[in-house]
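Start from the sequences and build out the full structure, keeping to the hints where you can.
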Amino acid sequence: MEQAKYSAAEYADWCSTVWENSAANFPILGISHDTRTLKAGDVYIAIKGAVHDGHDFVQQAVEKGAAGLIVEHNFPTFGTVPQMVVFDTMAALWALAAGVRSQWTGTVIGITGSVGKTTVKELIASVLAQKGTVSKTIGNWNNDIGLPLSMLAADRNADFFVFELGMNHPGEIEPLASLLKPDWAVITDIGKAHIEFFQSLEEIAQEKSALLPHADNALLDETSEWFDLFHSKCDGRVVTFGREPFTFTVPQPGEHMIRNARRAAALGLALDLSPEAVQAGLSAFKSAPMRWERTLHKGIIFINDAYNANPLSMRAALTTFAQLPCEGRRFAVLGGMRELGAQSEAEHRELGRFVDTLKLDGVITIGGLGAQIVCDGMLGVEKSAAVETLRTRLRAGDMVLFKASRGERLETILEELKTRI
Numbered sequence: 010m011e012q013a014k015y016s017a018a019e020y021a022d023w024c025s026t027v028w029e030n031s032a033a034n035f036p037i038l039g040i041s042h043d044t045r046t047l048k049a050g051d052v053y054i055a056i057k058g059a060v061h062d063g064h065d066f067v068q069q070a071v072e073k074g075a076a077g078l079i080v081e082h083n084f085p086t087f088g089t090v091p092q093m094v095v096f097d098t099m100a101a102l103w104a105l106a107a108g109v110r111s112q113w114t115g116t117v118i119g120i121t122g123s124v125g126k127t128t129v130k131e132l133i134a135s136v137l138a139q140k141g142t143v144s145k146t147i148g149n150w151n152n153d154i155g156l157p158l159s160m161l162a163a164d165r166n167a168d169f170f171v172f173e174l175g176m177n178h179p180g181e182i183e184p185l186a187s188l189l190k191p192d193w194a195v196i197t198d199i200g201k202a203h204i205e206f207f208q209s210l211e212e213i214a215q216e217k218s219a220l221l222p223h224a225d226n227a228l229l230d231e232t233s234e235w236f237d238l239f240h241s242k243c244d245g246r247v248v249t250f251g252r253e254p255f256t257f258t259v260p261q262p263g264e265h266m267i268r269n270a271r272r273a274a275a276l277g278l279a280l281d282l283s284p285e286a287v288q289a290g291l292s293a294f295k296s297a298p299m300r301w302e303r304t305l306h307k308g309i310i311f312i313n314d315a316y317n318a319n320p321l322s323m324r325a326a327l328t329t330f331a332q333l334p335c336e337g338r339r340f341a342v343l344g345g346m347r348e349l350g351a352q353s354e355a356e357h358r359e360l361g362r363f364v365d366t367l368k369l370d371g372v373i374t375i376g377g378l379g380a381q382i383v384c385d386g387m388l389g390v391e392k393s394a395a396v397e398t399l400r401t402r403l404r405a406g407d408m409v410l411f412k413a414s415r416g417e418r419l420e421t422i423l424e425e426l427k428t429r430i
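Residues in the sequence shown are numbered from 10 upward in steps of one, following the numbering used here.
In case anyone wonders, no lab produced these hints; they're calculated from the structure.
Check each hint, because a few of them may be wrong.
Claimed, not checked - Estimated spans, in silico, between C-beta atoms of each pair:
hint : residue 1 : residue 2 : range
1    : N34       : Q208      : 27 to 37 Å
2    : Q332      : T232      : 14 to 24 Å
3    : T304      : H178      : 34 to 44 Å
4    : H64       : D164      : 43 to 53 Å
5    : T258      : C384      : 34 to 44 Å
6    : A331      : D244      : 39 to 49 Å
7    : T421      : E336      : 25 to 35 Å
8    : P254      : E72       : 23 to 33 Å
9    : S25       : T304      : 42 to 52 Å
10   : S187      : S25       : 16 to 26 Å
11   : G377      : A33       : 48 to 58 Å
It should be emphasised that the depicted structure is a prediction, and the values quoted were computed from it without experimental measurement.
For every residue, glycine included, the Cβ atom is placed at its ideal position computed from N, Cα and C.
Following this line, the structure appears as structure tokens:
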């Protein structure tokens, strides 16, 4: 039987309120804002979003066995279900996460940056697992809803807590950092992700740097062009890396992967892991789905790196792909990079010129944004045509890379292709 994570009394105390319709201090197995994934024993919190109001799904939550409801008004229809009525459910969610944070005695690591956040999170978690128990961000739940939910889902007794902080707009990192209160801050590479909402790359770096004043310790890359900016934001201890020889074996190819692994290794060493333990953690690393996910089908190697994309990650993935050993031919299937704003067309055109220098055996671009990548010899098509083109051209020994922003859903091409070859 699943063990309760928290008690109703703790939830009420952290939100400075009481449970209605409840005479008992019932156990809480988890918390959910989505009835599609809610499990019996979870508390359902009704969040008002831009599209949906969670209060419209209270009945489904009760039918699925919610242990209690956190809502902005009472639901008399469900009079036997414990209900915590609050003024603002989002504020209550954050109050719960802050209460949970106050209970942790383990080391808390906060990670932000433009690219590689999830990979660095998984690398660090794998390394630190060699020393103790680790709780980490669920998937990429790193925003104003995802971070507190991930914190509430964590094992309160873990030795290490490893969490991502993400953003789309200015001003989003600071409150997340204030909530997490990390012992260590780690910043990954900075690039033109979400630049639609920023005026420059420097503004993105400034936004990411908002994590640093909230951390007792910071891990900084000495080779980063933003090192001086980041260092100026640090109030506590700073540990640097990047210039020393890197003697560890990385679990995936590519210079960007070496940079990601450097962060995990440097943090592991700073937290008193032996070099042997650090290497064991790097070797045990398992990438998250659709992040350089390599599969072999009918003798063809498919690399699904289509979870997300921006100009920096696109170039890193394509450069690595072009350098991989390959018995046959190399093909790239590329989709658009979203949230680039006024710079979008220029960035896609520039990417096309970069891809052209790699001399791949075939490049297929998908959709309207993908069409802006097209240079001589590239083929711009829709998804169904891409499947047919690849089906007729691919043979054993070939390699195919899929790379685009998440919203382009390039993985659907791969899924269909595998059923037809």
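Going down the list of hints, with the structure as the test:
In this structure the hint that N34 and Q208 lie 27 to 37 Å apart at CB is violated, the actual value being about 51 Å. Here the CB-CB span from Q332 to T232 is close to 21 Å, well matched to the stated 14 to 24 Å. Distance hint check: the CB atoms of T304 and H178 are about 36 Å apart, consistent with the given range 34 to 44 Å. Against the hinted window of 43 to 53 Å, the Cβ-Cβ separation of H64 and D164 comes to about 30 Å, which falls outside the hint.
For T258 and C384, the Cβ-Cβ distance of about 36 Å falls inside the hinted range of 34 to 44 Å, so the restraint holds. Range check, A331 to D244: about 42 Å between beta-carbon atoms, so the 39 to 49 Å window is met. Between T421 and E336 the Cβ separation comes to about 27 Å, which falls inside the hinted range of 25 to 35 Å. Roughly 59 Å separates the CB atoms of P254 and E72, a value that falls outside the hinted 23 to 33 Å.
Hint check: S25 to T304, Cβ distance near 51 Å, so the stated range 42 to 52 Å holds. Checking the proposed 16 to 26 Å range against S187 and S25 shows it holds: the Cβ atoms sit about 19 Å from each other. Taken as a hint, the range 48 to 58 Å holds for the pair G377 and A33, whose Cβ atoms sit roughly 57 Å apart.
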